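S.K.: Chains as they are written, first to last, in numbering that gives the first Met the number 0: chain C, 0 to 360; chain S, 0 to 312; chain H, 0 to 299.
Simulated from the structure, these hints should not be mistaken for lab results.
Because the structure is a prediction, the values reported are computed rather than measured.
Some hints could be false.
[Stated by the list, open to error] With a cut-off of at most 25 Å between alpha-carbon atoms, the simulated BS3-like pairs for lysine-lysine come out as follows: (1) S:K136 <-> C:K12; (2) S:K136 <-> H:K19; (3) H:K49 <-> C:K73.
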Amino acid sequence: MNTSVSVKDLTLKFGAVTVLDKLNLDIKDGEFLVLLGSSGCGKSTLLNCIAGLLEPTDGQIFIKDKNVTWEEPKDRGIGMVFQSYALYPQMSVEKNLSFGLRIAGMDKAEIDKRVARASEILQIGPLLQRKPAALSGGQRQRVAIGRALVRDVDVFLFDEPLSNLDAKLRSELRVEIKRLHQNLKNTMIYVTHDQIEALTLADRIAIMRSGLIQQLDDPMTIYNEPNNLYVAGFIGSPAMNFFKGEITSADGRPAFVTNGVTFMLDGYRAKNPLQPGTKAVLGLRPEHISVDGPETVNTHQAVVEIEEPMGADNLIWLKHAGQSMSVRIGGNRRYRPGAQVKLAYDMSLASLFDAESELRI
Amino acid sequence: MADQATLNTVAAAADASRGSLSGPRGNRPRPLFSTRNIVLYGTLTLAAIYYLVPLYVMVVTSLKSMPEIRMGNIFSPPVEITFEPWVKAWAQACTGLNCDGLSRGFGNSIRITIPSVIISILIASINGYALANWRFKGMETFFTVLVIGAFIPYQVMIYPIVIVLREIGIYGTLSGLIVVHTIFGMPILTLLFRNYFASLPEELFKAARVDGAGFWNIYFRIMLPMSLPIFVVAMIIQITGIWNDFLFGVVFTRPEYYPMTVQLNNIVNSVQGVKEYNVNMAATILTGLVPLIVYFVSGKLFVRGIAAGAVKG
Amino acid sequence: MTDYQVVRRPNTLLRNLNSKIASIPMILTALVVFVGGTVWTVFYSFTNSKLLPRSVFVGFDQYERLWASERWIVSIQNLAIYGFFALIFSFVVGFVLAAFMDQKIRFESVFRTIFLYPFALSFIVTGLVWQWLLNPDFGVQHVVRSLGWTGFTFDPLYTQSIVIYGVLIAALWQGTGLVMVLMLAGLRGIDEDIWKASRVDGIPMVKTYLLIIIPMMRPVFITTLVIVASGIVKVYDLVVAQTSGGPGIASEVPAKYVYDYMFQAQNLGQGFAASTMMLITISIIIIPWAYLEFGGKKRG
């Protein structure tokens with residue numbers, strides 16, 4: 000598989016502040032890569048560097064094996080879609096789409112052909128003569144995608160393209176972007192802070208924090224086997240339950256003890272042998288805990304504190320092992336506060352982290 | 000059958016509840032002539048009269064004949080309206096040796112104002128755009144010097160400018176004055192345009208760069224068409240400022256190129272001859288007419304223009 | 000992937016070239032005119048230049064002569080009186096008018112248009128109008144006397160001791176509208192909820208203004224102060240038009256002193272020294288402000 004975009008030792012400093020620190024990233028041809036992180040993690044900065052809109056302090060950027068570190072954005076073979084759409088307000092949709100091509104001095108017939116193709120793909124034909132002000136948010140973002148489309152480029156860059164839309168439109172356009180990627184098979188780099196977008200769209204997700212990539216993996220791996228405590232807490236809603244404790248052994252089998260409660264670690268696939276005595280953090284996703292189900296080696300009693308019905312699901316908050324934890328159950332199963340429940344855990348889906356290094360054990 | 004006492008109590012209770020229903024409801028009535036309103040509108044109206052009186056006096060004086068001015072008082076409306084003072088002010092009033100009225104100064108002011116406004120706005124808008132979107136090292140320092148320089152009294156800088164213009168050979172000419180107006184208009188205009196362009200969404204600029212547009216393409220095809228209101232604001236600032244200028248006109252031009260303000264002052268404050276107050280007032284109105292028209296036509300944009308000087312960068 | 004291609008790094012001087020070209024007028028103005036011109040003038044204020052600038056140094060002679068000149072002393076006194084009252088009155092009147100305008104009144108734009116129109120007029124026009132209104136033989140004094148009040152005297156422009164107040168009246172007429180507009184913009188910038196909170200707390204309106212609103216408007220006050228104050232120091236055209244510095248030298252101001260010595264008395268050295276004094280006056284206003292404004296927060 001060929002590499003489409005490659006970032007090598009990229010460093011960017013604003014004065015004394017280091018935004019990106021010796022960052023390396025290889026993106027395969029035709030891959031959909033999502034850069035995910037909370038605000039200020041450097042994800043948009045990285046995207047702007049790839050686009051050539053920000054000059055790195057150090058490091059290199061390759062697109063299609065060509066060093067483009069010092070190239071102008073227009074010469075990099077990229078198209079870009081922005082959060083605020085960034086449509087030129089005084090130009091009609093058609094002029095917006097063709098602006099870059101006209102600047103490049105392309106001949107009229109070819110421009111028309113490309114605009115026609117883009118408007119067909121995105122179904123914005125009827126809007127071509129309108130000004131951006133006369134479009135809805137979803138239509139604007141479609142036009143913005145079209146502007147990247149007409150450039151006929153290898154790499155698409157998306158900078159939080161759906162963040163300005165309401166929830167319904169967002170999910171509609173999300174599907175459309177996915178469809179677009181399946182049809183065009185271009186490389187796409189997509190920046191977002193929304194984990195649902197990341198999980199649904201990405202071939203691979205790069206989770207960023209403080210200018211560093213925390214984990215780069217496919218969505219299921221990220222969800223099931225988070226690399227470290229940060230990724231584990233960041234992905235998943237409601238968030239993973241964490242218990243601080245220590246690894247021990249019970250009956251000669253590895254176990255985890257917190258506040259006097261013992262969790263047997265049967266079924267946990269450890270990366271390294273588990274050393275008893277290690278201070279560790281056990282992570283259990285709310286959806287991986289069963290309530291009042293069949294008994295297992297790990298069955299604990301707990302008391303329901305609060306119930307949050309959410310329609311399809313029902314989230315219950317319990318007091319367990321001296322701390323509050325949440326469990327997700329089916330929407331039709333209701334529990335009153337004070338109810339006694341039996342919890343069981345599937346340790347093959349749990350995560351265990353070293354308390355000091357915060358890395359997965 | 001219920002006894003009378005109980006019935007009375009029930010009736011009283013009903014009355015009481017009806018009583019509360021007939022209490023305050025809906026809009027609280029506000030008297031049109033409340034003390035608050037009288038003080039408020041009274042003060043504002045008095046202030047408005049104070050501000051309007053000079054304009055009124057100017058107009059009525061300019062429409063009276065000299066004998067009527069000597070007899071009556073300045074506030075009384077003209078008994079017999081005459082436009083002769085206006086004709087005289089425009090075409091015959093004397094300054095020194097010339098007796099061709101303010102029309103000469105008007106022509107000069109037009110020839111000074113139009114190119115100065117165009118050139119200064121062109122330079123400042125491009126510069127403000129560069130400051131907002133195409134920064135290079137040290138640029139902000141020059142800009143800070145420029146803005147702080149706007150507060151230096153002109154008197155400190157005029158003589159060196161006289162020398163430079165004399166060396167170039169345009170001292171005393173219209174072009175020299177145009178250069179001076181461009182220089183001294185630069186701080187406020189550059190600030191205005193820089194702040195405006197910086198307030199436009201940065202992604203628009205990024206999108207245009209990805210589209211392959213460069214410095215001039217983005218300026219002329221993206222920024223300029225989006226910024227017409229701010230150009231109007233800049234024009235208002237410059238037209239009124241340059242038209243009203245006196246100091247630069249006196250210092251940097253020869254008498255035959257004097258702008259209208261300088262000529263007006265020379266007409267009114269000349270010591271020779273009999274004072275013709277009606278002609279003076281007509282001349283004064285004529286000189287104030289251009290900025291007044293700009294003011295009344297532009298309305299809110301004028302306010303935005305002066306606020307632009309106040310907002311910090 | 001490992002073959003690191005050599006790409007021509009664009010020449011540092013040529014990078015962003017258009018932006019540099021576009022900045023040439025700004026750079027020239029800032030360096031040559033503003034910095035260069037100021038340094039030049041201060042430099043030559045220590046010479047005995049008369050008709051033409053000469054580099055014969057005389058130390059502080061020009062300044063000693065300046066401060067020994069009665070006309071300069073009068074100019075400075077006038078500027079102090081004029082400046083003090085102009086600031087006080089324009090701020091008080093401007094703020095009160097703005098506060099009144101902010102009461103959701105009807106005809107707001109009509110009132111605003113009336114209060115602000117004098118600001119669109121030049122100082123020359125302003126000076127000449129008020130010269131006419133204050134003319135003792137025809138103006139206000141004459142009108143009041145003809146109403147039967149024959150002892151009434153109000154002729155500031157012909158009385159040395161109060162002529163500067165005559166100039167002040169004209170300046171306030173011209174400039175208060177500006178202060179009003181800036182204050183009004185400041186008032187409009189205050190969160191509606193502040194007013195709601197003070198109403199719920201039962202704080203009377205005047206107290207709300209004095210104790211809450213005015214302290215919140217500190218930045219607006221400071222900016223307005225700087226704008227108005229630097230305008231005051233520059234006052235020139237108004238005096239030229241209204242009084243020509245008279246009667247005698249009673250309404251002279253520093254800016255007029257500079258002009259007269261540079262371009263009429265052909266005593267450049269005096270003009271340079273006087274303009275340097277003006278520069279110092281402005282610096283006293285500007286430097287603390289610029290320090291507060293730009294010194295604290297450095298932006299990248």
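S.K.: Now tell me if each hint is right for this structure.
M.R.: Structure-based check of all given hints:
no., hint, result
1, S:K136 <-> C:K12, "holds, 15 Å"
2, S:K136 <-> H:K19, "holds, 10 Å"
3, H:K49 <-> C:K73, "violated, 61 Å"
Hint check: a violation occurs at hint 3 only; the rest are consistent with the structure.
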